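Novice: Here is what each chain is made of, one letter per residue.
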Amino acid sequence: MPEGYFGQYATIGIFVFVGVALVFGTLQLARLVRPNVPSYEKSTTYESGIDPIGEGWSQSNVRYYIFALLFVVFDVEAVFLFPWAIVFERLGTQALVEMVIFIGILAIALLYAIKKKVLEWL
Amino acid sequence: MFDITLATWQILVIKIIVILTVVPVGALVGGYAEHKVMAHLQHRLGPMYPGGFHGWATTLADGIKFLYKEDIIPAAADRKVFSLAPAAIMVPIIMTYLVIPIDRALIVEDLDVGIFYLLAVGSLSTIGLLMAGWSSANKYALIGALRSAAQLIAYELPIVLAAVVVAMLAGSLSLIDIVETQNWPFAIWPPGIGFIAFLLFTVGAVAEMTRVPFDMPVAESEIITGPFTEYSGMRYIFAHMFAEMGHMVAFGGIGATLFLGGYQPIVPIPFLDFIPGVIWFSAKTMFMIFLFLWIRPTFPRVREDQLQKFAWKFLIPVGLALVLVTGAWVLYV
Numbered sequence: 063m064p065e066g067y068f069g070q071y072a073t074i075g076i077f078v079f080v081g082v083a084l085v086f087g088t089l090q091l092a093r094l095v096r097p098n099v100p101s102y103e104k105s106t107t108y109e110s111g112i113d114p115i116g117e118g119w120s121q122s123n124v125r126y127y128i129f130a131l132l133f134v135v136f137d138v139e140a141v142f143l144f145p146w147a148i149v150f151e152r153l154g155t156q157a158l159v160e161m162v163i164f165i166g167i168l169a170i171a172l173l174y175a176i177k178k179k180v181l182e183w184l
Numbered sequence: 630m631f632d633i634t635l636a637t638w639q640i641l642v643i644k645i646i647v648i649l650t651v652v653p654v655g656a657l658v659g660g661y662a663e664h665k666v667m668a669h670l671q672h673r674l675g676p677m678y679p680g681g682f683h684g685w686a687t688t689l690a691d692g693i694k695f696l697y698k699e700d701i702i703p704a705a706a707d708r709k710v711f712s713l714a715p716a717a718i719m720v721p722i723i724m725t726y727l728v729i730p731i732d733r734a735l736i737v738e739d740l741d742v743g744i745f746y747l748l749a750v751g752s753l754s755t756i757g758l759l760m761a762g763w764s765s766a767n768k769y770a771l772i773g774a775l776r777s778a779a780q781l782i783a784y785e786l787p788i789v790l791a792a793v794v795v796a797m798l799a800g801s802l803s804l805i806d807i808v809e810t811q812n813w814p815f816a817i818w819p820p821g822i823g824f825i826a827f828l829l830f831t832v833g834a835v836a837e838m839t840r841v842p843f844d845m846p847v848a849e850s851e852i853i854t855g856p857f858t859e860y861s862g863m864r865y866i867f868a869h870m871f872a873e874m875g876h877m878v879a880f881g882g883i884g885a886t887l888f889l890g891g892y893q894p895i896v897p898i899p900f901l902d903f904i905p906g907v908i909w910f911s912a913k914t915m916f917m918i919f920l921f922l923w924i925r926p927t928f929p930r931v932r933e934d935q936l937q938k939f940a941w942k943f944l945i946p947v948g949l950a951l952v953l954v955t956g957a958w959v960l961y962v
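Chains as they are written, first to last, in the numbering used here: chain A, 63 to 184; chain B, 630 to 962.
There may be inaccurate statements among the hints.
As the list claims (entries may be wrong) - Okay, derived cross-link-like pairs now, DMTMM-like style, lysine to aspartate or glutamate, Cα gap no bigger than 20 Å in a straight line:
{"no.": "1", "chain 1": "B", "residue 1": "K694", "chain 2": "B", "residue 2": "E873"}
{"no.": "2", "chain 1": "B", "residue 1": "K709", "chain 2": "A", "residue 2": "E117"}
{"no.": "3", "chain 1": "A", "residue 1": "K178", "chain 2": "B", "residue 2": "D934"}
{"no.": "4", "chain 1": "A", "residue 1": "K104", "chain 2": "B", "residue 2": "D934"}
Stated by the list, open to error - Here are some chain B residues pointing at chain A (derived, C-beta under 8 Å):
{"no.": "5", "residue": "L696"}
{"no.": "6", "residue": "L740"}
{"no.": "7", "residue": "L753"}
{"no.": "8", "residue": "L775"}
{"no.": "9", "residue": "V789"}
{"no.": "10", "residue": "L802"}
{"no.": "11", "residue": "I805"}
{"no.": "12", "residue": "E809"}
{"no.": "13", "residue": "L953"}
{"no.": "14", "residue": "V954"}
Honestly, the hints are just simulated from the structure, not real lab data.
For clarity, every value in this text was computed on a predicted model and none was experimentally measured.
Using N, Cα and C, we set each Cβ at its ideal position, and we do this for glycine too.
Produce the entire structure from the sequences given, and follow the hints as far as they go.
Specialist: What follows is the structure, given as structure tokens:
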């Protein structure tokens, strides 16, 4: 392996490159062997056999923007949790109490969201 | 004995080749296992003909069949995004295999931030699903993509919290360190704590793979195959089948590594050391995959609102409480 901090990320780079090559290589291989007989019927939008009505990009109700907001909150929390999880054993009780307070505040936020009934998928 | 010295780049090439062979082979075996395990759980035989012996070549034949299928891109679709989406779904799944330790030495790169990398890369597929759903210009696909996005973000958090618990118990984010600290697998030893984390992980993993009972995004009886409705041929394989199987094997490996002791023997008896780590790892991964397959014919599909409620009002509070309980356990017990 390439050594050191940047070496590790170089490995990730190589791996991603090989992964992308694998996917696109297979798609190219398929292009060589598959038939290509386009027709109008084939390229219409599929709506269970009925002619499509209106556009596919129709207005839809994004019901979960509150869920998405909460997700950001808890995902950012995870960013704080991981470094803490590694070192809290050395810092002792103080670190644990701090995390109890931190998670307590988040839990109250979640409880508030539940009480406000924003976590209902209508 | 042999005394071979290899340059570091040669070792890297060998490792990458091995791991990238594991991905498709794992997916093929996983697909076959799915056919067979489900069939036998439902008192059927499943595929019996391809390859002769118990239909072992079924998934291989399926893959070759899909290679020869026409690639249809609907006229209304956004061509570029539509054709890139399968890669955007598949590549992150391949990337997760980078840090899974198959054996003490057989890991492409033992990152210091292993778990964190897994979680970060694992959430990238959501973008691919949204790309697929939106670019198809199809109502089923759009609904499916929105559902998958909502589901993937909701069930990512239980997995994150379970991973935090593991990191706290091991005191490290490196997957090799995590395996080495498990004299007893985490699912067994801190009694209760590890097992609850394991359950959180398993439920979250099934939902992340959008498998039954959490398969609302691809519910065939109402929205065909959700975001993949318009896909055909090899692109469909990458977007859906290969991705789902690759995901399943990856989650099996991650579960085996984090909770079942990875390449270590299941119980710390020196006598068991003669069995190589690869075998232990494969056995545990297959056990995890069997769990995922077992869940499928057992439970009915969960409705979309029940699904969200279950994640936000039950799994996440349990996960948060578990993190604190684990903290107390590590410090005082």
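Novice: Against each hint, give a clear statement of whether it holds in the structure.
Specialist: Status of the hints after comparison with the structure:
| no. | hint | verdict |
| --- | --- | --- |
| 1 | K694(B) x E873(B) | holds, 18 Å |
| 2 | K709(B) x E117(A) | holds, 19 Å |
| 3 | K178(A) x D934(B) | holds, 16 Å |
| 4 | K104(A) x D934(B) | violated, 35 Å |
| 5 | L696 | holds, 5 Å |
| 6 | L740 | holds, 6 Å |
| 7 | L753 | violated, 11 Å |
| 8 | L775 | holds, 7 Å |
| 9 | V789 | holds, 5 Å |
| 10 | L802 | holds, 7 Å |
| 11 | I805 | violated, 13 Å |
| 12 | E809 | violated, 15 Å |
| 13 | L953 | holds, 6 Å |
| 14 | V954 | violated, 11 Å |
Going through the hint list in order, the structure does not satisfy hints 4, 7, 11, 12, 14.
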